[in-house]
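Undergrad: Take each chain as given, in its own frame, and dock them per the hints.
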Amino acid sequence: MATNPAGGPLQKSTQERESVVIRFAGDSGDGMQLTGTRFTSESVLAGNDVGTLPDFPAEIRAPTGTLYGVSAFQINFSNKNVYTPGDDLDALVCMNPAALKTNIADLKQNGILIVDPAEFTSANLRKAEYENNPLEDSSLDKYQVYQVEVTKMTTLALKDTGLPNRSVMRSRNFFALGVVSWLFNRPIEPTLEWIQQRFGKTPVVAEANTLAIKGGYHLGENTDMFASSYEIKPAEIDPGTYRNITGNSATALGFVIASQKAGLPLFLGSYPITPASDVLHELAEYKNYNVYTFQAEDEIAGVGAALGAAFGGALAITTTSGPGMNLKGETMGLAATVELPMVITNIQRAGPSTGMPTKPEQTDLLQAIYGRHGESPLPVIAASTPADCFHAAFEAARIAMKYMTPVILLTDGFLANASEPWLLPSVDDLPSIPVEFRTDPQGFFPYLRDEETLARPWVKPGTPGLEHRIGGIEKDYLTGNISYAPANHEQMVRVRHQKVAKITQEIPPTQVKGPEQGKLLVLGWGSTYGAIAAAVEAAQAQGHTVAQAHLRYLNPLPADLGEILGRYEKVLVPEMNMGQLLKLIRAEYLVDAVGLNKIQGRPFKVSEVATRIARMLED
Amino acid sequence: MSTEAAVKLTRKDFVSDQDVRWCPGCGDYAILAQVQKIFPELGIPKEKAVFISGIGCSSRFPYYMNTYGFHTIHGRAPAIATGLKVSRPDLHIWLVTGDGDGLSIGGNHLIHALRRNVELKIMLFNNRIYGLTKGQYSPTSELGKVAKSTPMGSADHPLNPIALAMGAEATFIARSIDTEAKHQQETLRRAAAHKGGAFIEILQNCNVYNDGAWEYLKAKDSKADTQLLLEHGQPMVFGKNKDRGIRLNGLTPEVVTIGNGVSTSDLLVHDEHDQTLAYLLGRMTPPNFPTPVGILFSTERPTIESLMNQQIQDAIEKSGPGNIETLLRRGDVWSVE
Ligand SMILES: Cc1ncc(C[n+]2csc(CCOP(=O)(O)OP(=O)(O)O)c2C)c(N)n1
Ligand code: SF4
Ligand SMILES: [Mg+2]
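Protein chains in written order, with this note's numbering: chain A, 42 to 660; chain B, 17 to 353.
Chain B with its partners taken away, still in its complex shape (with noise of 0.2 Å):
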């Protein structure tokens, strides 16, 4: 990114000439506002970057950001996204998807995206509903969810985004909140600067069809306590006093208090590149547990198209480039006078 640093953006740069469609107080704002905040910090010119989306209210992300755009179809926007990137490594692809577009239909374009190791930055817009089709429960809905398609409450246990990229290796795993303004921010800057592809799930309010799904994560009073914020390199604590923490018990985390005996230095340490305890993270849950936000993980491995562009530059040097002439002549060939 070095050589395109020099390009001076500014917020307004990335805004796009359409009308912003999404309901009054809509999460999907907050989250619009944080990535054209950040953007022009990035220093990437602006037509180097991409967004592509699949289908969904979340996924009308790319018609608002002044840069190239593919609104594509339901769930396949990670399929898209990896042949554009495999063969235009150049471009600074992000992906935008929901809750229903990234887990449910689109499941499997995303978890293959993930496993590769695509250089996506994708962006998954959690409000826990199909908030498009009019409120259906989701994937990540809670068992038990009263919605349109469910008036006695769903019957399926709901997906752990963060255990799903987990289980499909990805490079980068982080969670955040559409209402915290600057820990979106950094947690986007880091995945903008993560080498390789990368996995954001953001909570995000539908108010319209699942309002306050979050709350409990977001009311002033009692987020400390039901957060617990990532540090790399520090002791998870959290509380409103900073009081308590989280400590291993044998294979498994435990929330403890701290005083009576135990100190900060018995509690587990953040470490983001340790595979082990992102498992462990990604399966804190509430009740019982605080809900991890931040880099939950972050590793480097080669990336898809960096692997299939340089089989190619080794196939040139190897072969030299091709040359028609002796393609068709490959094989059995013989001439008749």
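Chain A on its own, in the form it takes in the complex (with noise of 0.2 Å):
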């Protein structure tokens, strides 16, 4: 698999490893996100299986060298199936003190640190609150630690070209690239390619950036800083076309194929919000796939924009996260009572209100569920990884538009921006979704129902003979016209609720990995998923009957949970909130389930859940 652009033979030996966790950290200019993307790329075509974590700050241009301006991107690549981004991390490469400072304690014992000592300067040790230079006092005894000269190396190597410094210094991250491309083995040739892809428009950069990456490269392979390379080989991978995706961009995905699959245009309402905007960016990008990306005014004008189009006729979509899912309340409650297909998708970040908007969080699961006004139950979907977004996408659209109610979508930050492999479906093996709109006026009622879905008639403005209001104010049980008929309301609210519960019908059996029965159920929903699987997998590997299941419907619940549920002595919820699955899992099955609750704005360590499990094992 390695390669050697020098055309050399690699002349060190190389040493092989299962997996690596690896981190880039540096200052938000510094390039950091760029550069994980290029080493996934690298990983993924070196036929390791991957899983990434970019961490950014909330602050766009945080001034250079301080604490909350680092950016950090970190990828988990193995020759086994990788579930998370990793844990600990058996390696660390610093572009800045301030980096080392804000990373350092995740690095593991005896762990890889590269770090450039030229910046190491007293300004930027008082800007990373340093009292002594770490370089220079013990603290870093306990790690590996390689002092690359990233910056005169890189100056050194692009001394040609003409460029002012400024420019050289941007092209650090890609001798960074380039060390720890030969360090662990990766073929640098894709991210050359890509470098001429990406710059070839102004080829001053494109040659900088080549220059950079085999520089570093050529440190690796051609000095004696580090004895051994690393070699983690291809992970046994089901057979298939990949591509590495991020949550927001198999969201975005999603609902673009739903479209095309029901031959409809999509049209998008949104306002933008982190971690949200990414969808609208990416759609906006699709508008020869008949998609329209209308930037509302608010949040409240994206659903309602969204409402309008579905009303219409085209699939409707609008993204948020929290804040702007409180906004959308009110709209979603009128969504529910014209029953018209909407899918309203909460990317969710750590609340309550700007929170830490950067970070990840499973707080508003009741919120989907409960928080509206009046009764106004809505399907509730979760995706589990970032692929798995695709799926919930498109299935959360299908069900909006069979069931004609608006269909709530949860992702996460997490999910929204890491990414792994995706075994590309065969579109042919996609559910269908066959829309039909109402034209025949004969026996014609707008609220007339189907006896399967008790969905309501669609029909398009514009259709002869099918003239008709609808309206926020509740309505007659066939004719839809106002009605406040007390017991009407009340076979309206019963009926609302009736048609969500049906969608049980929609739900493929529970999977459960694992042993059918035993000590231990670990229940989870949403990008839970890797850490919960990969801990539960350990256990099951040390002998014990532990076994998982994750929830893709949240509303409604899976018909054969509750047995499932009854099997197992101790049900474990683990959820990046305090306890909302937990509560809804109690109330319904009346099981005494405990939960794990981290709130951090950070995902769960597999270890984390992994220590839960066996304190659970043990009691």
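FYI, nobody ran anything at the bench for these hints, they're computed from the structure. Mixed in with the good hints, there may be bad ones.
Unchecked claim - DSS-like, lysine-lysine: derived pairs with alpha carbons at most 30 Å apart:
hint : chain 1 : residue 1 : chain 2 : residue 2
1    : B       : Lys234    : B       : Lys258
2    : B       : Lys234    : A       : Lys501
3    : A       : Lys168    : A       : Lys142
4    : A       : Lys443    : A       : Lys302
5    : A       : Lys501    : B       : Lys62
6    : B       : Lys211    : B       : Lys236
7    : A       : Lys646    : A       : Lys400
8    : A       : Lys242    : B       : Lys150
9    : A       : Lys501    : B       : Lys53
10   : B       : Lys164    : B       : Lys150
11   : B       : Lys334    : A       : Lys302
12   : A       : Lys400    : A       : Lys149
13   : A       : Lys501    : B       : Lys24
14   : B       : Lys211    : B       : Lys28
15   : A       : Lys501    : A       : Lys443
16   : A       : Lys302    : A       : Lys149
17   : A       : Lys501    : B       : Lys211
18   : B       : Lys62     : A       : Lys443
19   : B       : Lys236    : B       : Lys150
Computed from a predicted model, the values in this text were never measured in an experiment.
TA: Next up, the structure:
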């Protein structure tokens, strides 16, 4: 796998590793996100399974060198199945003292630490709040520290380009990437190609980055800085075509492909908010797929415009995060009562209020299920991995149109930005989304329901003979005309509930990974999937009867869930909140489940779930 | 509209089977009557017409029109209608709102719908009161308004809907009065014919909670003195004896009496397309000025729906209609055997 751009054979020894977790950390201006993404691409092309996690500050350009301006990108690559971006780090690359200060705690003992000594100036040390230079005291003794002169060597490598110093500094990340690519036997060709594509229009920049990455690679290869490199063999991966994808991209694709399958235009009404904006950005590029992206004046208008488009016969969606979700609440109530299809996506972030906007949380589950006025039940669907966002978005759209109901899709800031290799589905294997607009005036009533789904007919304005009015006022059960009749209201409330409850018929049997009964079931939803799966597998490997079930449908819950919960002595529910699914499960099934709760704006580490599993097995 | 003009409809075709539930004597009846009167003339097949409203007495309007209709939520109708119009430019969308619905809770959506020039015909029924919630003062109520929530008089300065629409750069701005049937019909016809979004403030009487709010404008014996009927290309003359007019003094309009050396040729001539003039007209308020009624401003500008749909067409032309397989395979793709 390893290649040597200089053409010579590798002379150093190579150690084999099963998996490696590496993090690139630097100033927000240092290009760490780009470096991380490139390293990810190199790793998938080397045949590894990967999981990634970008971690960037909320400030766009925080003052350079500050602790709060540190931006990082973590990659877990392995010859085995990868479930998460990894817990503790095997390797850490720090472009400045602030990056070291904020990230060093996650590096394993004896882990590889790469730093650029030129950046450890007294000014930078002060900004990072170091009293002494950590490279000079003994504080880093428990790590393998490599002082790589990234700045100096990049300057040297680029001296013939004639670029001013400021531009030269922008290639430092490629130098670092070159070093690390050599160290882990990653092929740099894909990055060289990518540089040509990306910077081809400004050849001098392309050349600079090429020289920098090659310079870094050669440094590893030709100097005695590193005694050996590491090799991570390709993983056994299901055959097929893959693409690395983030959750937000997958969400966008899920909606576009659902609209194509339904044969409808896609209409997104949205207002920018972290971490949801990228779905808007991405969909804005798919106009030739008959995609309308409307950047509204606020979230209320975003969901409102979507509802208007749904009335007109489009697949309508809106995307936001927690604060925007609150603003959309009233319109969601209207959508529920006029029974028009729409998907409301909440890419959850740490709240309340602005909270920690770039950090994930699962704190809007109960809001999604209950957070509206009146009895206004809505289906709630959650994605569990970055690539799964595709399937969750597709399913949310399918359910919305089949049942003529708004559907809430929950993902979070972790899924949004994290990425994983995605085995591309065959388009023909995806469920079809048949949509039939009512055109026949014979026997038409706006609220006449389909027996199987209780859905009312979808009628496009413009259809002759079917002119009718809908609105927020309670409607007659059949005609949809205004009705304040007490019994009619109860009947309508009940039928809206029944309609949502009927969606259980769409839910496949819950997959339980592990023994069918036993000591412990770990139940989760959303982005905790990976950490739970890895922890449960580890416990199983130790011979424990521990199983995992992960929910895609949170409202309604799967019909078989109560029975499954009853087959285990204990139930553990890890969540990035104070115990919201836990509350639902306890209320719904009277199960004495317990929660594992982490509310730090960070995903669970596998070890955190594993430790708790071990404790539950002991008690 | 040429292909649609063939449809022959009557007023009755636009009357729905629902009982009209406004208070007897409410100005809303008169507006409904004028809309139902002119609609058959517009050549719009009724299935292509959509009435969308927010919440308020005025917003009950769609239930009474036998077209497609959507009675939505308080203040948000412009947003909902925008989504519909953008994705369904073939529809003729009329929007009904009130001074509370459109200027208070929905002010934000209104200004954005206007600046985007969505082709919505927006009728704002201004009765200077919250009717449906039983009589609180509204954003257009006069300062010191004594109402249920303001026993000692309101403390907020009123909003001027026309000036707001000018500020939002609406492309068609008009004012009419519920009781002026002919004027209203003509104004609505012009709004319908306008290529783009239209904003029509209709001064409406709430005879239960704010009776007579516009009486000074409507009273038979004085209305010639209090209304300034705008006609494109005509000098701004008003008064029972057509002996008064509006003249520009520097940058400021003033009321002058014709005669004594002042002739009609000294007066301002109305030009619908003159934006500066429209600003001046919008600011002419009683008691110092007669209230301008008619079409204060009209101009043409591309609608958001034409631009957005054009972008889609352009993208299809450039990249071909979307193909799912291509979409899935965007970016770095690799195969595992
Ligand atoms: C979110 C929300 N807030 C408040 C109300 C109560 N409400 C209904 S109509 C209205 C005011 C209506 O005034 P206006 O728009 O002037 O309409 P009018 O009744 O005068 O025609 C209010 C405050 C509501 N329906 N929804
Ligand atoms: S309260 Fe006023 S505005 Fe409402 S229906 Fe009665 S008269 Fe008309
Ligand atoms: Mg009012």
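Undergrad: For each hint, tell me whether it holds in the structure or not.
TA: Each hint tested on the structure:
1. B:Lys234 <-> B:Lys258: The hint holds at about 17 Å.
2. B:Lys234 <-> A:Lys501: violated, 42 Å
3. A:Lys168 <-> A:Lys142: With Cα atoms ~11 Å apart, lysine 168 of chain A and lysine 142 of chain A stay inside 30 Å; holds.
4. A:Lys443 <-> A:Lys302: holds, 13 Å
5. A:Lys501 <-> B:Lys62: holds, 13 Å
6. B:Lys211 <-> B:Lys236: Violated, at about 35 Å.
7. A:Lys646 <-> A:Lys400: holds, 15 Å
8. A:Lys242 <-> B:Lys150: violated, 66 Å
9. A:Lys501 <-> B:Lys53: holds, 26 Å
10. B:Lys164 <-> B:Lys150: At roughly 8 Å apart (the allowed maximum being 30 Å), lysine 150 of chain B and lysine 164 of chain B satisfy the hint.
11. B:Lys334 <-> A:Lys302: OK: lysine 334 of chain B and lysine 302 of chain A at ~22 Å, within 30 Å.
12. A:Lys400 <-> A:Lys149: holds, 23 Å
13. A:Lys501 <-> B:Lys24: holds, 22 Å
14. B:Lys211 <-> B:Lys28: Since the Cα atoms of lysine 211 of chain B and lysine 28 of chain B sit roughly 27 Å apart, the hinted pair holds (cutoff 30 Å).
15. A:Lys501 <-> A:Lys443: holds, 16 Å
16. A:Lys302 <-> A:Lys149: At roughly 48 Å apart (the allowed maximum being 30 Å), lysine 149 of chain A and lysine 302 of chain A break the hint.
17. A:Lys501 <-> B:Lys211: holds, 24 Å
18. B:Lys62 <-> A:Lys443: With a Cα-Cα distance of about 28 Å, the restraint between lysine 62 of chain B and lysine 443 of chain A holds, given a limit of 30 Å.
19. B:Lys236 <-> B:Lys150: holds, 29 Å
Checked against the numbered hints given earlier, the structure breaks hints 2, 6, 8 and 16 and satisfies all the rest.
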